[in-house]
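Student: Just so you know, the sequences run in chain order A and B. At position 82 of the first sequence the residue is numbered 82 (full-length UniProt numbering), and the sequence of numbers has no breaks. At position 140 of the second sequence the residue is numbered 140 (full-length UniProt numbering), and the sequence of numbers has no breaks.
Treat the hints as calculated values from the structure; they're not laboratory data. Note that CB positions come from ideal geometry on N, CA and C, so glycine has one too.
Calculated pairs, EDC-like style, for lysine to aspartate or glutamate (alpha carbon to alpha carbon, straight line, at most 16 angstroms): (1) A:406 <-> B:56; (2) A:406 <-> B:55; (3) A:186 <-> A:154; (4) A:117 <-> A:166; (5) A:406 <-> B:74; (6) A:101 <-> A:230; (7) B:98 <-> A:5; (8) A:406 <-> B:58; (9) B:128 <-> B:186; (10) B:98 <-> A:12.
Between beta-carbon pairs, the in silico distance windows are: (11) A:389 <-> B:97: 24 to 30 angstroms; (12) B:97 <-> A:404: 22 to 28 angstroms; (13) B:230 <-> A:397: 47 to 53 angstroms; (14) A:297 <-> B:79: 37 to 43 angstroms; (15) A:16 <-> B:63: 39 to 45 angstroms; (16) A:15 <-> B:191: 35 to 41 angstroms; (17) A:290 <-> B:97: 39 to 45 angstroms.
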Amino acid sequence: MFDLDRWDEIFETIRKNKLRTFLTGLSVASGIFILVVLLGIGEGMRNGIAREFEQDASNLIFVFPGVTSKEYKGLNPGRRIQLKNQDYDQILRLYGDKLDKSASLYQNWGQVLNYGKESGSYAVHGTFPAYQELENMSLTSGRFIDLHDLENSEKAMVIGHRVKLDLFKGEDPIGKMVQVSGVNFKVVGVFTDPGGERDEARAVVPITTAQKAFGGANNIERLYLTMKPEDNFDAAVAASNQFSAQLEDFLKEQHTVAPDDNSAIHINNYLENAKRFFTLMDMIRLFFWGVGICTIIAGVVGVSNIMLIIVKERTREIGIRKALGAQPLSIIGMILHESIFVTAIAGFLGLIFSLTLLEFIGPMIETQYIYNPTVNFTVAINTVVILVIAGALAGFFPAWRAARIKPITALRDE
Amino acid sequence: MIEISNLHKSYKMGANSLHVLKGINLKVAEGELLSIMGSSGSGKSTLLNILGMLDEADEGSYVLDGVPIKNLNEKIAAKYRNKFLGFIFQSFNLIGYKNALDNVALPLYYQGLSRGERTDRAMSYLEKVGLADWSGHLPNELSGGQKQRVAIARALASDPKVLLADEPTGALDTKTSYEVMDLIQEINDEGRTILVVTHEHDIAQMTKRIVNLKDGVIIEDTVVSQVRALENV
Ligand SMILES: Nc1ncnc2c1ncn2[C@@H]1O[C@H](COP(=O)(O)OP(=O)(O)OP(=O)(O)O)[C@@H](O)[C@H]1O
Ligand SMILES: [Mg+2]
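With these hints in hand, go ahead and build the complete structure from the sequences.
Tutor: Rendered as structure tokens:
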């Protein structure tokens, strides 16, 4: 390897046989390039979908009632189920140790909000402080509703960015009073929501205040619960599935719903959905890997073919070299040295080129489904090594044969 | 310098076997210039290739410069070829992608000489064959005669004991043939042993001894009075 004369020989052959070198290099470089780009896109798709899911707290369990569809214990079907504060309190009492964050929601659609001359119709959500994190809201100014607001049924309100734009124009809303159904609420904060415009056209108040101010009694419309984190994804899915089942049983019993009635209580388990998606993603990734491996195999076959042809083409030259006193090992060494050198350089060029492409083009990809396409560097390096070894092996056998045949036979080769 | 006795060689082709050399006995002293003649297919090339260790005999003994040549593996054969022998082929056998100088320097590479030394020595042999100005040219930029002179320089470069030439003038016109033979005679004048296989009588007359081969045996072995090639150019 460190024989300078050997290097001289190699460089000379490469310089003088540009086309051959180029073709070998091209098949290796393009193989690596295609593989890396494919794996990058596969990873990007996975990242893109993972990001979609991260937008809502991903181990969220979301409960909303419906209408019964079966007769049960003398009660007719078609009965609308109404969740109550007691349901929420009891769930916290029974399962609180499993839960991370929780909030119940009392919601009023189409409430008219007035500020000065401006007014508009928005949804007003009565809820708990944890709602902010559960819904991934971020505050642009002020604060969110807190426990103190809740306990004292304070008339505090956090408004969405859209509401601020509509009612306050350029004004700072913090501390201003907004009228809803004749009740004055003091704006304490402004939020933005990753859900966008539609989700920012609402206002959040303490649930206690909302139930009193809007005649909600102790009714609630929805429950939001997240579970304490588990060690891994599968354990989290199992825990959340088990909890969803318990929750369903509990609520059905509380509201006298037939155990097999599927329309009265809806429990939406995001983690279970996510798992399905991740399984799908794994399948897609597997597919990309399959295609990638096929590409590598094609590359290996290509390199092998080229090596076979190169050795065949050089048979006569090998005969001449042997007549001049070349040792068999030096013949094998010469061919392998060249093939390893060319495939390695080409492989790394393909690698660098494709990684650069991913690096610069990757962040520019603005679709929902591909995000930050990257490639495991070790995988890429290994691929190059595999191709180099394949090239070397593919070159070795014909070189070995050529080095062993009688020089006269090699010389006679046309 | 060369001593062979009872040399046999046959080629196997499927079930058949073609007996080409049927007991050759030959002694060549140092400094001889010998031509091997014979009709096509008589086994001249076969004999020369065995002498050059490019091929192996089936039977018989071969001693080269006091070294018995037998049971050769490819490694030792390569060493001997490099040390003892220089080849000149009818079809030149230059490496196409190497220029004249690099072709001449190649045997020196296999002798393990440093690059500088290789270039110096190769250059001096190119000068000797009158092609110093063509050192940077590729074989396909040279005429047949020039190619053969490069091949001769290459054969000489490793300073071999014996030069083996298989129809060195076979691909050349008469004038160029004589120029090449002049060079060969010159090299022989310096004391080097040379064996030339040829079809042509005029070429054979330019050597000092003619061995005639027929059906795998030597039928005639005569000393001739050498015709100097230069006189005929
Ligand atoms: N590799 C081989 N396999 C089979 N037969 C061979 C082989 N080489 C030579 N022969 C046969 O051996 C015989 C002698 O061949 P050789 O090349 O020695 O002849 P030659 O005297 O050099 O002939 P020419 O003057 O035509 O070059 C020929 O009949 C040839 O067909
Ligand atoms: Mg012949």
